[in-house]
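Each protein sequence line maps, in turn, to chains R and V. Residue numbers for the first sequence, in my numbering: 689 to 813. Residue numbers for the second sequence, in my numbering: 29 to 239.
Calculated directly from the structure, the hints in this document are not laboratory data. Note that the structure is predicted; figures quoted are calculated from it, not measured. A few of these clues could be false.
So the derived label-pair ranges between C-beta atoms look like this [stated by the list, open to error]:
hint, chain 1, residue 1, chain 2, residue 2, range
1, R, W801, V, D126, 31 to 37 angstroms
2, R, R756, V, D126, 17 to 23 angstroms
3, R, P733, V, P80, 48 to 54 angstroms
4, V, D64, R, K745, 25 to 31 angstroms
5, R, G713, V, P222, 17 to 23 angstroms
6, V, H79, R, R795, 48 to 54 angstroms
7, R, Q707, V, D64, 48 to 54 angstroms
8, R, E715, V, E112, 33 to 39 angstroms
9, V, E88, R, P733, 31 to 37 angstroms
10, V, G177, R, K728, 32 to 38 angstroms
Simulated crosslink set (SDA-like; lysine to any residue; CA at most 20 angstroms straight-line) [stated by the list, open to error]:
hint, chain 1, residue 1, chain 2, residue 2
11, R, K728, R, R691
12, V, K215, R, R691
13, R, K745, V, R123
14, V, K233, R, M703
15, V, K215, R, M703
16, R, K745, V, R91
17, R, K753, V, E100
18, V, K215, V, H172
19, R, K745, R, R756
20, R, K753, V, D95
21, V, K233, V, P209
22, V, K215, R, P793
23, V, K67, V, A85
Chain R side only, calculated, beta carbon under 10 angstroms to chain V, not exhaustive [as the list claims (entries may be wrong)]:
hint, residue
24, D697
25, V699
26, Y704
27, P733
28, V741
29, N742
30, T750
31, Y782
32, P793
33, V794
Note that CB positions come from ideal geometry on N, CA and C, so glycine has one too.
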Amino acid sequence: MRRALIVDDAVTVRMYHRQILEGAGFEVDEAENGVEALEKALVVPYDLLLVDVNMPKMDGYTFLKEVRSTPQLRAIPAVMISTEAERRDREQAYRVGANLYLVKPVRPETLAWRATLMTARGGSR
Amino acid sequence: MGLVKRAKEDQAAPSKPHIRKYGRDLQGLLAQLHDDQVKARRWAARDLAAHPEAVSALCERLRVEPDPTVREALFGSLLAIGTEAVVEGLIPLLRGEDAGLRNGAVEVLRQLPDAVGHRIAALLADPDPDVRIFAVDILRDLAHPQAPGWLLAVVESDEHVNVVTTAIDRLAEVGTPDMAPAIQAVKDRFPNEPFVGFAVDTALKRVLGDG
Chain R
689 MRRALIVDDA
699 VTVRMYHRQI
709 LEGAGFEVDE
719 AENGVEALEK
729 ALVVPYDLLL
739 VDVNMPKMDG
749 YTFLKEVRST
759 PQLRAIPAVM
769 ISTEAERRDR
779 EQAYRVGANL
789 YLVKPVRPET
799 LAWRATLMTA
809 RGGSR
Chain V
29 MGLVKRAKED
39 QAAPSKPHIR
49 KYGRDLQGLL
59 AQLHDDQVKA
69 RRWAARDLAA
79 HPEAVSALCE
89 RLRVEPDPTV
99 REALFGSLLA
109 IGTEAVVEGL
119 IPLLRGEDAG
129 LRNGAVEVLR
139 QLPDAVGHRI
149 AALLADPDPD
159 VRIFAVDILR
169 DLAHPQAPGW
179 LLAVVESDEH
189 VNVVTTAIDR
199 LAEVGTPDMA
209 PAIQAVKDRF
219 PNEPFVGFAV
229 DTALKRVLGD
239 G
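Pulled out of the complex, with its shape left as it was, chain R reads as follows (with noise of 0.2 angstroms):
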């Protein structure tokens, strides 16, 4: 089964991308920050990030650089998700290493496709 690292600060929100994935055939587990993402990410070799911009600790921006600067994780697809829909916003999300730049709420079949779309094409780690 491909596993899925959602790291996002707002509970509601990763409750929502949860369902999401798990009804598309994925295992979850969940980060409220880029510290405790990262943890788990060297533990666990995940197929999927799903990743908010604004969290405590550590964001999602400095949390990607992480992800892409390390060598067992840097092939991880990620999607970075935010409620921020500015340009420049997406054009950060791309050049620290997302695959993706999602605009909140993201519909549940978006979401879905993408991520089976993503991972399947990236095939398992």
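Based on the hints, put chain V in the right spot on chain R.
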């Protein structure tokens, strides 16, 4: 992680000859805040916690400081000073492009309930929805008696879906049963947003005590 390791090294070596070239008074510390060496800047940032008059210098340094451990020290000193001047200095960071600065500012502001309280209403009325979301984030852990009321007002009146759902997420933690009708009513305002329905149902379970 490297960030933690550097902090430990720093604690073990408080005063090097290089640092001693500066005076330990306000002017010396302000000069040291712009030193080439990270360790010198970090110590200056920490020691400036004893100088409330250094708030503007600490905030200005935050905007250009590249090292995360120095940033952490700068935020720590601003928190220790904790005056309304700190609040005024940090609020502009909420509009910046640096996510680390935005989140650092939120973390400090939510720990200053007395100083930040008088600015919450204005932040919640800001034309930029992202600033309003940060204001709601500040309210999440703000130990202020008006916090639940402010969140309820956002739920009842804000027109941006992400601001409202962020407030609902927070109200799920601190809301009371009498707020349930207002939370329920949000579904009618955003009938085509699946996440709104999910957030409302989740919050109602929590505030009504069956979640």
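Against the structure, the hints:
Evaluation of the 31 to 37 angstroms hint for R/W801 and V/D126 yields a pass: the beta carbon distance comes to about 33 angstroms. For the pair R/R756 and V/D126, the supplied restraint of 17 to 23 angstroms holds, since their beta-carbon distance comes to about 19 angstroms. At about 50 angstroms, the CB distance of R/P733 to V/P80 agrees with the hint of 48 to 54 angstroms. For the pair V/D64 and R/K745, the beta carbons lie near 28 angstroms from each other, so the given range of 25 to 31 angstroms is met.
The hinted range of 17 to 23 angstroms is satisfied by R/G713 and V/P222, whose Cβ atoms lie roughly 19 angstroms apart. The hinted range of 48 to 54 angstroms is satisfied by V/H79 and R/R795, whose Cβ atoms lie roughly 51 angstroms apart. Taking 48 to 54 angstroms as the suggested C-beta distance range, the pair R/Q707 and V/D64 conforms, at roughly 51 angstroms. A C-beta distance of roughly 48 angstroms is found between R/E715 and V/E112, which places it outside the suggested range of 33 to 39 angstroms.
Between V/E88 and R/P733, the C-beta spacing of about 44 angstroms breaks the proposed range 31 to 37 angstroms. V/G177 and R/K728 have their C-beta atoms about 37 angstroms apart, which keeps the hinted 32 to 38 angstroms range intact. Taking the CA atoms of R/K728 and R/R691, the gap is near 12 angstroms; set against the 20 angstroms cutoff, the hint holds. Of the pairs offered as hints, the one joining V/K215 and R/R691 is violated, with about 32 angstroms between alpha carbons and a cut-off of 20 angstroms exceeded.
At most 20 angstroms may separate the alpha-carbon atoms for a hinted pair to count; R/K745 and V/R123 meet this at roughly 19 angstroms. For the given pair, V/K233 sits about 13 angstroms from R/M703 by alpha-carbon distance, which is consistent with the 20 angstroms threshold. Restraint check for V/K215 and R/M703: the C-alpha separation of about 18 angstroms stays at or below 20 angstroms, so the hint holds. Of the pairs offered as hints, the one joining R/K745 and V/R91 holds, with about 18 angstroms between alpha carbons and a cut-off of 20 angstroms not exceeded.
A C-alpha spacing of about 19 angstroms is found between R/K753 and V/E100, which places the hinted pair at or below 20 angstroms, so the restraint holds. Note on V/K215 and V/H172: the hinted pairing is violated, with a Cα-Cα distance of about 28 angstroms set against a maximum of 20 angstroms. For the given pair, R/K745 sits about 19 angstroms from R/R756 by alpha-carbon distance, which is consistent with the 20 angstroms threshold. Under the criterion of a C-alpha separation no larger than 20 angstroms, the hint pairing R/K753 with V/D95 is consistent with the structure, at around 15 angstroms.
For the hint pairing V/K233 with V/P209, the CA-to-CA distance comes to about 13 angstroms; that is within 20 angstroms, so the pair holds. With a C-alpha separation of about 14 angstroms, the suggested pairing of V/K215 with R/P793 holds against the 20 angstroms cut-off. Between V/K67 and V/A85 the CA atoms are separated by roughly 18 angstroms; this keeps the pair inside 20 angstroms, and the hint holds. For R/D697, the interface hint holds, since its Cβ comes within 10 angstroms of a Cβ in chain V; the closest pair sits about 8 angstroms apart.
Checking R/V699 against chain V by beta carbon gives a least distance of about 7 angstroms; that is within 10 angstroms, so the hint holds. About 5 angstroms separates the beta-carbon of R/Y704 from the nearest beta-carbon of chain V, less than 10 angstroms, and the hint is met. Here the hint on R/P733 is broken, as its CB sits about 20 angstroms from the closest CB of chain V, past 10 angstroms. For the restraint placing R/V741 at the interface with chain V, the shortest Cβ-Cβ distance is roughly 6 angstroms, inside the 10 angstroms limit, so the hint holds.
The restraint placing R/N742 at the interface with chain V holds, with a minimum CB-CB distance near 6 angstroms, inside the 10 angstroms limit. Evaluation of the R/T750 hint against chain V yields a held restraint, the C-beta minimum of about 6 angstroms falling below 10 angstroms. A distance limit of 10 angstroms between C-beta atoms decides the matter here; for R/Y782 the minimum to chain V is near 15 angstroms, and the interface restraint is violated. Taking 10 angstroms as the C-beta cut-off, the interface hint given for R/P793 holds, the closest approach to chain V being about 4 angstroms.
The beta carbon of R/V794 comes within 7 angstroms of a beta carbon in chain V, closer than 10 angstroms, and the hint placing it at the interface holds.
Violation of the numbered hints given earlier is confined to hints 8, 9, 12, 18, 27, 31; the remaining hints are satisfied by the structure.
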